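Peer 1: Here are the chains, one letter per residue:
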Amino acid sequence: MVRRHGCIDSGGGLGPEGHACWGFDQPEEFVGAALEFFTDGLRANRRLVYLSGEPVAEQRERLDSLGDVGGMVDRGALHLLELKHLYRLGEPVDPVSQVALFTAAAEAAEADGFSGVCLATQSTEMVAEPCTWDAHLRLESRADQLATTVGFSALCGYQRDAVPADVLGDLAALHPVANAAAEAAPFHLFGERGRLVLSGEVDRFSTDALLRALDYAYLPGAPTLLDLEALDFVDHYGLEALAVHARRLAANGGCSVHNRPPRVERLCELLELAL
Amino acid sequence: MNPKTAQARGFRHEAFFYSDNDEFLAGTVPYLEEGISAGETVLVVLPEPRLRLVQESLGGAAEAVEFWQMGDVGRNPARLISAWQDFLLTCDPEKGVRGLGEPISPGRSAAELEECELHELLINLVFAEERALTVMCPYDTSGLGDEILAGAERSHPVCRHPHGKAVSRRYSPEALLEGQLSPPPRPAVTLPFGRADLAMVRHLVAQCARSARLDTRRNEDLVLSVCEVATNSIQHGGGAGTLDVWDEDGDLVCSIRDEGRIGDPLVGRKRPRPDQPSGRGLWIANQLCDLVQIRSSAAGTEVRLRMRFNG
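In order, the protein sequence lines correspond to chains A and B. Under this note's numbering, the first residue of the first sequence is numbered 52, with each subsequent residue one higher. Under this note's numbering, the first residue of the second sequence is numbered -7, with each subsequent residue one higher.
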């Protein structure tokens, strides 16, 4: 079973392993998706965590329609956090320690009687500076690869006028689902219990984005298990890009390709391409 | 190209006209036997039932001969040149090579016959430099029209008749990709496309292929082929193109037009080398589609891909 992937138009229905990229123009649009996401989370007994650049008092007002926000905060069912209290904004994050933080948050929530964590994070300010992009993209992929192993789901919001479209497109590709406002490349590369699943469509004009995504998703020291079960289309340019990536990784943990659809097998055979 | 030069370098390309099975065997079997006894490598590419006829007539000598079904390897005649080149790579370079190939036969559609004739012209270009290679192409005069037989005289430096050998004087392989394909016989679905529309191109073709009840494999092969050709339009054909899809004579037809011009008449017919930076798209389309037609002139390029409904 492959996680839900592709384009979404709601923060609801993402499921316990959901990880969505949500592009928006007005902050209210993100809040609307976050409320849908949180409504599911409440039903699933998740601890809700809301993270944004706004002061906590403002966050409270935004989430007012959830009901007794004050009571939820007091019970530990809702955590309201400001970005500047967690991150040195304008500097690159350390993806490895951030993922440790997310794992710890999920474990703590379970220890407190919740089924895990639902994180809605309005992350625009984390990627305001170009120097933060590379580390942030790696963080998104690592966090995604975590989502199928611990009780952790996330809705990641990015304001479109503050993030270049190609960066937002790269971010969207590293989530299994994204809304149309974030989507640029028609593929997604996401974690699935130790494997990396490539879904959607890859053609000549998305191969550069694919190579970037594969690089961001690479975990040093571990073999890459790439799964093509959900790959709906790939042309010869995309296939050659995958072969280039696999060759590059041969000396860096190795890369094995699994669940090749018959049409991928046929194209490999035609091009005498080892994958 | 001067046919005499080609012959001097050891490439012979002959048409052979026959009107029934007896004439067919009387012309082809001694030709093959001559090659076998001279120690040449011999390849026969025929449609049934003539493939079996030749095998039976050769008897034990058939063991020394390689046989290919024209219906497999030459269904799309644009695959034949790379198949021949692959075969030549496996041959002993010290020995001559002798071929018998009949791509043009009465069962073919008009579009297929047109492409077969182009293939026969292009063979002269490809193998001009080849060491000792003789290819004989039989033509069934009882089932093929005069226009096709006149085409055989244009494309073959030498033409043989059952009762003797005659050198053709009409050999003229020129302006090979120019000319026009016949307009669609019925209204087509039309989609102008640019770089942002490739996914739409793929989904439209997949939808039409589903309507035409192509099976999954042929649907996927057609979608990939159209996408590869449309990508060429975007990259080399002025950044955009137009896709038309229609059905005709039991084929689903996808036409991709753009403003570019293809200079190499052999485009898509040679197996791409691994280190070659481009030139794979049309080759892939040739391997996957039942027929590929390419026409290119100063007015632009059209590539037509056909898939049989009941392939």
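A couple of the hints might just be wrong.
[Stated by the list, open to error] Here are the in silico distance ranges between beta carbons for each label pair: (1) R55(A) - T208(B): 37 to 47 Å; (2) H309(A) - S29(B): 34 to 44 Å; (3) G52(B) - G245(A): 55 to 65 Å; (4) M192(B) - L324(A): 26 to 36 Å; (5) G245(A) - G303(B): 58 to 68 Å; (6) L324(A) - T208(B): 33 to 43 Å; (7) V181(B) - A213(A): 37 to 47 Å; (8) E240(B) - H309(A): 53 to 63 Å; (9) D266(A) - T208(B): 29 to 39 Å; (10) N310(A) - P179(B): 38 to 48 Å; (11) Q77(A) - M192(B): 21 to 31 Å; (12) G245(A) - A102(B): 55 to 65 Å; (13) G245(A) - Q61(B): 43 to 53 Å; (14) V295(A) - C83(B): 13 to 23 Å.
[Stated by the list, open to error] Away from chain B, derived, C-beta distances all over 10 Å, residues of chain A: (15) A151; (16) D212; (17) P237; (18) D286; (19) P313; (20) E323.
[Claimed, not checked] If you want a taste of the chain A side facing chain B, the calculated C-beta under 8 Å gives, among others: (21) E252; (22) D254; (23) F284; (24) R314; (25) L322.
Keep in mind that the hints were calculated from the coordinates and are not lab data. Keep in mind the model is a prediction, meaning the values are calculated, not measured. Virtual Cβ for every residue (Gly too), placed ideally from N, Cα, C.
Peer 1: Given the hint of 34 to 44 Å, is the C-beta distance from H309(A) to S29(B) inside that range or not?
Peer 2: violated (54 Å)
Peer 1: Within 58 to 68 Å or not, the Cβ separation of G245(A) and G303(B)?
Peer 2: Check failed, 40 Å falls outside 58 to 68 Å.
Peer 1: I want to verify a distance hint. Is the separation of the beta carbons of V295(A) and C83(B) within 13 to 23 Å?
Peer 2: Once the Cβ atoms are compared, 34 Å apart, the range 13 to 23 Å for C83(B) and V295(A) is violated.
Peer 1: Is it true that the C-beta distance of M192(B) to L324(A) lies inside 26 to 36 Å, as the hint says?
Peer 2: holds (27 Å)
Peer 1: Quick check on a hinted range of 53 to 63 Å for E240(B) and H309(A), using CB atoms only.
Peer 2: violated (41 Å)
Peer 1: How does the Cβ-Cβ distance of G245(A) and A102(B) compare with 55 to 65 Å: does it lie in that range?
Peer 2: At 56 Å between Cβs, range holds.
Peer 1: Take the C-beta atom of Q77(A) and the C-beta atom of M192(B), compute their distance, and say whether it sits inside 21 to 31 Å.
Peer 2: For M192(B) against Q77(A), whose Cβ atoms are near 29 Å apart, the range 21 to 31 Å holds.
Peer 1: Hint validation: E252(A) versus chain B, beta carbon distance must be below 8 Å. Holds or violated?
Peer 2: Holds. Min distance 6 Å.
Peer 1: Using the nearest Cβ pair, does R314(A) come within less than 8 Å of chain B?
Peer 2: Because about 4 Å separates R314(A) from the closest Cβ in chain B, which is inside the 8 Å limit, the hint holds.
Peer 1: Please settle this one: P313(A) was flagged as non-interface, so is its CB more than 10 Å from every CB on chain B?
Peer 2: violated (7 Å)
Peer 1: Falls inside 37 to 47 Å, the C-beta gap from V181(B) to A213(A)?
Peer 2: With Cβ atoms ~41 Å apart, the hint holds.
Peer 1: Since D212(A) was said not to touch the interface, does its Cβ keep a gap of more than 10 Å from each Cβ of chain B?
Peer 2: Non-interface label stands for D212(A): nearest chain B Cβ at 21 Å, farther than 10 Å.
Comparing the model with each numbered hint stated earlier shows that hints 1, 2, 5, 6, 8, 14, 17, 18, 19 and 20 do not hold.
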